[in-house]
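Spelled out, the chains give:
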Amino acid sequence: MSHELRGSSAVVGVGLAGCGEAHGRMPLDILAEATHNALDDAGLKLSDVDGIFTGSSYHFMPALSTAEYLGIKPRFSDSSMVGGSSFVAHTLNAAMAIKTGQCDVALICYGSNQRTAGGKLATMSEQQIYEAPYKPRYPISSYALAAARHMHQYGTTREQMADVAVAARQWAQLNPAAFARDDLTRQDVLNSRMISDPLSLLDCCLVTDGGGAVIMVSSERAKDFPNKPVYVLGTGTAHWHRQITQMPDLTTTAAVDAGKRAFAMAGLTKDDVDVVELYDAFTINTILFLEDLGFCAKGEGGAFVENGNIAPGGSLPVNTNGGGLSCVHPGMYGIFILIEAIQQLRGGCGERQVENPEVALVNGNGGVLSSQVTTILGTEAVL
Amino acid sequence: MSATKERFSGPGPDQIYSDFLRKDVFSLPQCKDCHEFHFFPRVVCPHCGGFNLEWKTLSGKGEIYSTTTIRRKPERGGNYNVCHVTLEEGPRLMSRVDGVDSLDVKIGDQVTAVINKDGDDPFIVFVPAQGV
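From first to last, the protein sequence lines are chains V and S. Under this note's numbering, the first residue of the first sequence is numbered 1, with each subsequent residue one higher. Under this note's numbering, the first residue of the second sequence is numbered 1, with each subsequent residue one higher.
One should not assume that every hint holds.
What the hints assert, rightly or not - From chain V, some residues computed to sit far from chain S (all C-beta separations above 12 Å): (1) G24; (2) G43; (3) E131; (4) Y134; (5) R149; (6) L268; (7) C296; (8) A381.
Said to hold, decoys possible - To be clear about the criterion: a stretch of chain S counts as covered by chain V if any three or more of its residues have a C-beta under 8 Å from a C-beta of chain V, and this derived list gives those stretches: (9) 19 to 33; (10) 61 to 68.
Just so you know, the hints here were simulated from the structure itself, not pulled from any lab data. Using N, Cα and C, we set each Cβ at its ideal position, and we do this for glycine too.
Isolated chain S, as found in the complex (with noise of 0.2 Å):
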């Protein structure tokens, strides 16, 4: 058995994840061998059985796949958004865009990633393109 390799050692890609957002950078793995990114970061590439990944920073820019409106009574918070975002790069994740009603927010919507550091562990959440 061969020890570990250099690419598997230190911090896993959910941690690296993390620390580029802490560091106000939005960043997912792309695959050497057949250049596609993927979204949750693994340390294999989930397109075409790759090892060989390289963390690439993102543009931002999404487009809206799929999107609910969760209802809730105004008294516990009011409705609120969660979607499907389609990025520039390819991956698709989960997320909620800010500053619009939910209930306006649109399948094909342009958006733009913003980090969330409201909370102990940032993430992503979007809001409306300029310029749309």
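Chain V on its own, in the form it takes in the complex (with noise of 0.2 Å):
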């Protein structure tokens, strides 16, 4: 017998603001255009809204200052704060709203300036008193640490995640919305300034502006919409630490529990999958979750992602939107591999378009490969 929640809810309308630069403008007003962007694409209104599931970098209670801005009254509300991962699992936890009548119009969202307010990564993260001493960088060191130790254990190569990066990058030149788009060799990435060893400057994602908003409801309701719903099959979530010293092995990830759990709630194996968008904050972070998620061996990330196989072409499509890499990362990017999920299994993604896709899987990020959320996702196809 499937899950209950197997395909129970539905996303309807998505929508996209601000990416890259969004000049003079706060992080909620750039979440509004995107609200307003993703209920246009369902036909519905802001007064249809009655349960909001967001995070943020900026408000201490999200979903009370996100509801005050755009005049809703929602009776679910929903702020969980699995950082980057937060939007993938809020997904989990609106299908449970949808199911059980806590709401029927769920409103994922997010919003960030943090390219115009001045490339600081925005937080309100208390001070890490362990770790503080030693002036780690976050959160570029912690990704260091993992990356070095997937190195050593297992001969991963600077170049093999340099191809991470070019991967992204030739997604990105497929993608018009995509903020960097000019070419990129290997060499390119490889002799760029190097930050903390082994990861260097391009081996790191963007610092841009950018919102995202989904509409889910329940799918009885779905089909009455403009759009070819996209369903939820599956979502699990995990985490195993908040900070880096404290995760128990620095080459595998809570992906590994988050990936079983979405796949057995989706009925699915990684063999169903056609379309991958995974949280890559720095290359290392795309071999790590293809090795946790099942799509290779432990230990076999970096040959897998070697001479173009996730890139356009190759044998996985893998962040097709050009990635938190080269098309956009506002402080915390797991919406945006969410929609551009949601985009590719509805079709008409232009050049970059994967080529009739019946289920996606996507994996947030959140912390310092703390928490990890994957949601597959499906046409009716697969319903």
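Two chains, each in its own frame: build the complex with the hints.
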């Protein structure tokens, strides 16, 4: 018997706004425009929204500030904060809220002006008192330590990590909305300024502005909307640590558990997946998540991403919008991988469109490889 | 509701840890139930959930589990090391290796703990182990 949440709700609207640079605009301005676009896409009005799911680095009580700005009075609110993976996790919470009648129209939304506000990572994070004396750079040093260990343990190379950035750029070159679209070679990545060994500047994601919004309703209602519904087939969450020193094994993330849970709920396996959207804050992320989600064996992620295997024309389409590395990355990126997966399943992604995908996998990352959330989305064909 | 038990009275584990460092002792809680050490110090063993902990002095021996060099211009103080060290007793902590160029610090290197008391709050750094 399939899981009661499998396919119980569907996405009927998505919207983006302010991706790249949104001069003179505040985070909630960008969020509101993305929300407007998503509602327009779904043929709904703000007054139809009765459930709000959001996260923010700017607002201590994000659901309250966001609903206030939008002028809505939701009957269900969720500000669950698991970093950049929050919005992927919200698909599970929204599915549960819809299934149990807590809300009918769920709005998952985010906005950030990280780039034009000065490029610094906005954070309300508490200081990690047992790490602070050593002045690690957040978040890059944490990812650098994971990359160094992966290289040591499995022979992963900087060239292989560079190929992750090159593949992302090649996808970005097919996406007119991507921020970084110039030609990029493996050598360019290797030659870029070292920041925290072994990660150099071009191993790191962009810093942009941007916002996104996703509208979910029950599957029974989903067919009444203008767009082809995209069903939420399964979501799994997992976290094993907060600070990088508490990560049990720097080469294995909690995506191992999140992925298993999502696949179990969806009743699918990795062989059913047509397109993959991973949170690539740094090049090592893509390698770790491909391994942990089962697309290749532990330690073989470096070889898997080499020579264009995840680029356009490769064996597995990964990060088809250009990723956080080349498309958009405003502080917390999770909603953007969700939106790209939905757009791919709907079709109409232009040059970067994957051929007739039926199943998409999204893996959100939060903290410093801390929170992992996997969502599996599908078209009606796999419902 | 019962009154606070003796083992939860007095200063918490962070303060006890720092007080030990101020007395030149590197000490961490060990679980009396599963015998595992843990870092950072807590009132509960994160390995087994046990609450029977006792403080034990550590050997100070460790091994580099991972390492990074944070690049910084010389005029701003130059490059510096951030690493993870696995202690002989099991726990892993963030630290740095002093007395050697950060780029020469390698995973697997044997290191020895030193208590750094340059600032207000003492903390553990490492130096390359002698005779290795």
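Status of each hint after checking the structure:
no.	hint	verdict
1	G24	32 Å, holds
2	G43	50 Å, holds
3	E131	5 Å, violated
4	Y134	5 Å, violated
5	R149	4 Å, violated
6	L268	34 Å, holds
7	C296	22 Å, holds
8	A381	44 Å, holds
9	19 to 33	violated (count 0)
10	61 to 68	holds (count 4)
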